[in-house]
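Protein chains: 2
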Amino acid sequence: MTANDTAVGAAQSQQVSNTISLPADEAKATPAPPPATPSHPLGPITAAEITQSSGLIKAFWPEGTDCHFKGITLLEPTKAELAPYLAAERAGQTPFPIDRRSFVIYYFRGTDNLHEAVINLTKNTVESNVKLGPFLHPNADGDEIIAVEKALLAHPEVQAEIVKLKLPEGTVLVSDPWIYGSDGLKDGKFYDDKRLMQCYLYMRDPSNSSEADSCHYAFPLPISPVIDPATMELVRIDILPTGLDEKLKPLEPWKPVKGNEYIPEAQTLRTDLKPLRVEQPEGASFTVEDFSELGRLIKWQKWDFKVGFNSREGMILYDVHYDNKPLFYRLSLSDMSIPYADPRTPYHRKAAFDLGDAGAGIMANNLQLGCDCLGSIYYISSVLADAEGKPVNMPNVVCVHEQDAGIGWKHTNYRTNRAVVVRNRELVLQTILTVSNYEYILAFIFNTAGDITYEARATGILSTSPVDVDLTETPHPYGTIVHPGVLASFHQHFFSLRIDPMIAGHGNSIAYDEAYALPRDPKLNPHGTGYTIRKTKIDTSGGFDLDPSKNRTFKIINESVKNTVNGSPVGYKVMVPPVQPILADKDSFHYKRAEFADRTFYVTKYSEGELYSGGKYTNQSRGGTGVRSWADRKDSLEGGDPVLWVNFGINHIPRVEDFPVMPVETLRVMLRPVNFFDKNPALDVPPSTQSFNCSVGLNKPEDLGEKVEAPTLGGEGGKLAPCCGGH
Amino acid sequence: MTANDTAVGAAQSQQVSNTISLPADEAKATPAPPPATPSHPLGPITAAEITQSSGLIKAFWPEGTDCHFKGITLLEPTKAELAPYLAAERAGQTPFPIDRRSFVIYYFRGTDNLHEAVINLTKNTVESNVKLGPFLHPNADGDEIIAVEKALLAHPEVQAEIVKLKLPEGTVLVSDPWIYGSDGLKDGKFYDDKRLMQCYLYMRDPSNSSEADSCHYAFPLPISPVIDPATMELVRIDILPTGLDEKLKPLEPWKPVKGNEYIPEAQTLRTDLKPLRVEQPEGASFTVEDFSELGRLIKWQKWDFKVGFNSREGMILYDVHYDNKPLFYRLSLSDMSIPYADPRTPYHRKAAFDLGDAGAGIMANNLQLGCDCLGSIYYISSVLADAEGKPVNMPNVVCVHEQDAGIGWKHTNYRTNRAVVVRNRELVLQTILTVSNYEYILAFIFNTAGDITYEARATGILSTSPVDVDLTETPHPYGTIVHPGVLASFHQHFFSLRIDPMIAGHGNSIAYDEAYALPRDPKLNPHGTGYTIRKTKIDTSGGFDLDPSKNRTFKIINESVKNTVNGSPVGYKVMVPPVQPILADKDSFHYKRAEFADRTFYVTKYSEGELYSGGKYTNQSRGGTGVRSWADRKDSLEGGDPVLWVNFGINHIPRVEDFPVMPVETLRVMLRPVNFFDKNPALDVPPSTQSFNCSVGLNKPEDLGEKVEAPTLGGEGGKLAPCCGGH
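Chains as they are written, first to last, in full-length UniProt numbering: chain A, 1 to 727; chain B, 1 to 727.
These aren't lab readings, by the way, just hints derived from the structure by calculation. Don't take each hint at face value.
Each pair may be met inside one copy or between any two copies, as identical chains are not told apart.
Listed next, the in silico EDC-like pairs over lysine to aspartate or glutamate satisfying Cα-Cα at most 20 Å (straight line) [as the list claims (entries may be wrong)]:
hint : residue 1 : residue 2
1    : 150       : 638
2    : 700       : 279
3    : 131       : 193
4    : 131       : 183
5    : 390       : 193
6    : 616       : 545
7    : 299       : 272
8    : 535       : 559
9    : 302       : 282
10   : 302       : 211
11   : 700       : 290
12   : 390       : 245
13   : 186       : 632
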């Protein structure tokens with residue numbers, strides 16, 4: 001082995017060739033024997049496995065090598081191995097065992113030499129250990145962000161700029177470090193492909209500096225330091241434009257404005273909201289079993305699925321079945337992109353990939369009983385790795401609970417007045433990410449009619465920019481002024497849901513239906529009222545859009561399995577709201593990088609490792625490694641193993657009401673059976689009855705209409721039949 | 001007065017000139033003096049006023065004239081009178097009194113001579129009494145529908161056709177009489193403008209004939225009698241096509257198929273759904289006051305509004321304010337249209353206007369405690385008129401209750417780990433219509449962030465048609481086969497919400513914003529990432545569409561009132577999902593009649609009496625009297641009194657899962673403040689706490705993650721701050 005990497009400090013680095021499999025005895029200082037392997041290939045990585053993985057990596061290098069771990073995650077088995085495993089398991093057979101593996105991303109601390117390694121946990125070996133090209137960057141991490149904030153605020157050059165603002169005595173500065181983004185430019189010492197961080201500066205309300213949760217976004221400052229997070233070196237300081245155009249002006253004394261706090265102590269709280277509680281006196285209807293130390297198998301109302309969790313994707317669902325019928329192999333959020341649209345330097349680089357740049361698992365909130373989730377709640381916890389390669393407990397990252405969502409179905413025969421009604425009971429799995437300023441509340445929601453909804457709610461705080469106070473009432477070309485001195489620029493939010501289907505088993509196709517008016521015809525359509533449906537099958541990978549003018553409806557179908565009533569191929573349709581495609585032009589890095597933000601659907605042929613629609617390494621990426629590029633391969637989908645990427649989002653034109661914290665904006669993608677079942681699958685839900693639901697009437701007894709037995713339209717003798725049995 | 005109408009039976013009819021005001025002493029047999037006037041011009045019509053109205057009409061005509069009443073409803077005052085009334089009332093002043101009036105539609109029984117009258121209830125006079133042209137028809141009514149069903153099933157010619165089907169002994173036939181629709185054709189004795197009813201024939205499951213709620217839609221029969229409901233005369237019998245094209249074949253013996261029941265006795269019910277109850281131990285947060293005998297003023301979380309109810313529109317909201325700031329003058333569903341797309345005779349006439357042809361009030365369900373509404377429920381009841389002009393109690397037609405809709409907003413400062421979270425509490429006003437086979441669950445939903453949502457859920461039963469059993473597995477060009485022998489044809493559902501706004505007071509405009517990518521420019525947009533917003537004000541009445549490719553967002557604004565933060569005109573935006581416009585071609589009656597079904601928005605200049613977007617009389621209408629025609633006047637909207645008609649719906653391609661009852665399909669229109677408030681209006685909602693919400697943890701104590709105080713990313717020393725005060 002030759003040593004031609006630049007040594008950093010005392011560490012010696014070694015050139016590694018592309019793929020190395022080290023037998024256990026060649027590894028230096030082999031760590032302690034691994035703990036008993038968790039029982040399932042899909043089990044989330046355990047604390048012991050995290051320790052084992054980082055130990056093996058550290059042992060690979062000379063003693064004392066300071067590894068900065070960016071991720072230690074489960075490397076899921078290939079579909080070729082796993083699909084038969086799951087089928088055998090379900091059939092009660094003994095599956096062929098699959099080795100567990102972890103995937104490790106790490107640096108040598110202080111360098112940008114990113115490494116990827118695969119650990120075979122079962123065999124306790126390093127299967128591969130690869131140094132990546134110089135300009136691939138992984139996610140930021142929490143420790144790093146905090147260290148960057150500390151370092152830049154202490155930097156004398158930064159302080160020298162701050163002094164020009166003549167802030168009040170005792171003002172506490174705050175910084176939101178951001179990933180640097182991309183623009184292909186060289187600036188000073190570095191090209192934009194050197195891993196850097198651009199930092200936005202704010203302050204706590206100067207009149208309330210001791211309040212650690214003062215909403216600093218109400219006080220954006222026009223100073224943006226750029227830092228090298230590997231060395232904490234200050235690269236430069238960008239001054240931000242605060243007028244209506246790109247011109248910069250010299251820093252001037254801050255003009256006092258008041259704050260805008262979201263903490264309850266700063267509000268005159270409403271006093272008239274009465275409690276509303278959800279009670280399940282007999283417990284919840286779902287069951288939870290451990291399929292591994294951290295993996296949970298959930299069963300509810302004919303649904304069963306496994307829940308996993310990892311640092312990047314957060315919550316994942318595997319092997320989703322309804323009534324033991326296979327539906328979805330894997331469901332996950334594959335990334336999010338939030339490109340900002342203030343065209344002025346340096347905002348052109350403001351674009352975040354919240355999974356690739358940060359991590360839905362890392363950023364997941366610890367959900368608090370009674371605050372985040374209402375009713376009878378089961379929590380799923382996780383374990384992730386910190387920068388030292390040590391396990392960190394992540395308590396309560398997913399909450400599981402039922403909820404009532406109104407009426408599920410109803411019919412009243414007007415001749416008898418007999419109403420039959422069932423309620424729409426749902427099962428919710430929810431997780432919440434905090435990505436610096438913003439929050440995203442993400443949930444998979446199941447109901448009793450065979451539907452799965454993926455719901456995303458955007459909340460938290462706008463990422464604000466400074467604007468001159470005297471422009472407060474001027475319409476701004478690039479955003480909305482939400483507070484004096486505070487500009488919230490226009491931006492878009494894109495979510496990309498990855499659906500790996502197995503509707504009625506593996507071997508699916510993607511198709512879409514469109515409704516076409518029939519032409520007038522004296523025999524076939526004499527009155528011009530007719531329309532029919534045309535189906536188009538998607539044979540080749542590519543990108544696709546909605547078209548409401550044709551009612552274009554995308555479906556995942558299994559052409560080998562026919563509906564028992566009408567012979568249609570069984571299927572599930574995808575109902576997704578439209579969003580304006582990414583507005584940044586095709587030559588921009590915003591566009592090139594956010595490969596899922598230009599089409600509502602991408603369909604690709606399944607390929608191992610293609611999990612993240614923005615590409616594997618989004619931090620300061622260039623594009624070319626995500627779903628648009630995979631789709632451009634124009635693979636044939638005849639093999640029946642498509643992956644569907646469903647992209648949706650918000651064009652966020654901020655409103656004053658979105659500040660200082662945004663009321664949720666909710667998006668839903670719904671997966672609904674289409675000619676999969678032989679009738680309404682919720683027919684067997686017991687009718688909604690008062691004895692079961694125990695509602696309370698608020699009318700005074702003499703007003704309570706239900707006691708009035710006046711004749712109503714229809715019915716025999718006008719008697720009101722009870723809507724439900726056994727009152 | 002001359003008598004030149006054709007006498008019907010013993011009744012003498014009199015020619016009336018267009019507008020007659022009869023002083024009280026000229027009316028024959030003046031009824032008893034009216035009861036004390038209800039105290040409010042918007043109070044729903046009372047039982048006494050219904051009696052008074054029908055009494056005055058009957059007294060107008062010779063004794064014994066058999067009046068068939070089709071509607072006796074409140075005639076709301078003009079805006080010129082009412083708006084100042086409401087403003088004065090709100091200001092605590094004594095408003096100038098407004099006479100109460102009713103609007104009466106009636107026939108002489110057995111004729112089609114439709115009359116409209118206006119009664120001045122305050123003065124006890126008939127202000128006008130007009131015979132309409134021969135071909136205007138009002139809604140069907142329940143008594144009539146039941147009478148038609150009885151008559152046609154007993155008719156010997158109908159029975160002679162049924163005999164050809166050789167149905168099993170004891171089979172019970174059922175008919176769904178439908179409004180006739182329009183096609184401009186003459187058929188035998190009558191043009192299609194003679195009021196007729198086309199009736200679909202079904203049967204109860206022959207193996208279960210005694211079950212009064214057998215799902216007859218599983219047994220559609222190819223016999224469709226056409227009846228004159230005025231005389232109960234059988235006009236003709238249409239035979240329905242049962243193949244794949246328009247060809248008819250002679251009736252043949254019924255081929256047995258099994259049924260498809262929705263009643264719970266026919267199911268093997270699930271046994272594992274545990275109860276879920278909503279408890280409000282301190283009662284609900286809303287208050288209800290009577291503003292008239294039947295009118296309810298509701299106050300909740302800074303919202304206040306009046307609720308009315310009438311036979312056609314069902315539930316209406318008036319004078320909606322938030323924190324005493326005016327927002328909406330009147331909110332109502334203005335009609336619905338369900339045009340069917342099977343082009344074959346006679347289905348080309350199958351199109352229902354559920355409000356104009358039936359009536360959302362007439363068809364409103366009696367909501368049952370614990371079945372239809374969950375939690376702590378207040379009911380609003382109503383009184384409508386029957387065909388004899390007598391009042392009929394309509395108990396529990398609207399239910400009012402709170403519900404929890406998840407998190408309302410949240411932010412966690414990652415530096416301190418302090419989470420601030422509030423829940424999204426909503427107030428729901430819900431009503432359910434049964435229109436023969438279908439149900440629609442309609443609700444106005446308010447939340448604490450200034451939003452109003454109008455939610456429509458479609459459920460109930462598809463209106464089915466017969467198809468040959470041997471075609472069950474053949475793809476059908478005009479629908480989906482949902483059961484052997486049962487075709488559910490393609491059709492569309494269109495809803496039209498009428499919004500009469502007063503955002504920040506009367507004097508509003510309608511505008512839309514679109515987002516446009518900025519062109520590349522070395523100074524202004526050097527990286528191609530920028531976009532900006534262009535606003536277009538709507539100056540002239542017309543129809544408008546969504547355009548997601550531009551993020552076209554429609555807003556109601558008040559240009560005289562500026563946002564206190566950024567000077568924008570205050571406004572509310574309308575978020576509405578797209579639907580495929582009506583597919584029937586422009587020359588078809590479907591298209592001509594459903595004037596709201598081709599555009600997402602219509603904007604008209606306010607004009608008294610323009611309440612129903614399909615026109616006043618939709619039954620067998622021709623078009624030309626609805627919102628498209630009003631918009632075509634191209635009125636200037638400069639006067640600041642626009643009415644916004646928001647049209648949305650479903651292109652219903654039926655699925656097997658929609659049968660025998662359809663799981664709800666849900667549509668939502670959301671009205672959200674845009675730069676109306678000076679910050680998030682829900683900031684003062686108290687934080688969500690466990691002590692308030694009393695959730696229950698389902699994990700075993702040793703697993704309950706929240707007790708783990710392991711370090712988490714960020715925070716000082718890793719301690720988890722409680723998310724909420726006072727645990």
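Are there hints from earlier that the structure breaks, and if so, what are their numbers?
-> 1, 4, 5, 6, 10, 12 and 13
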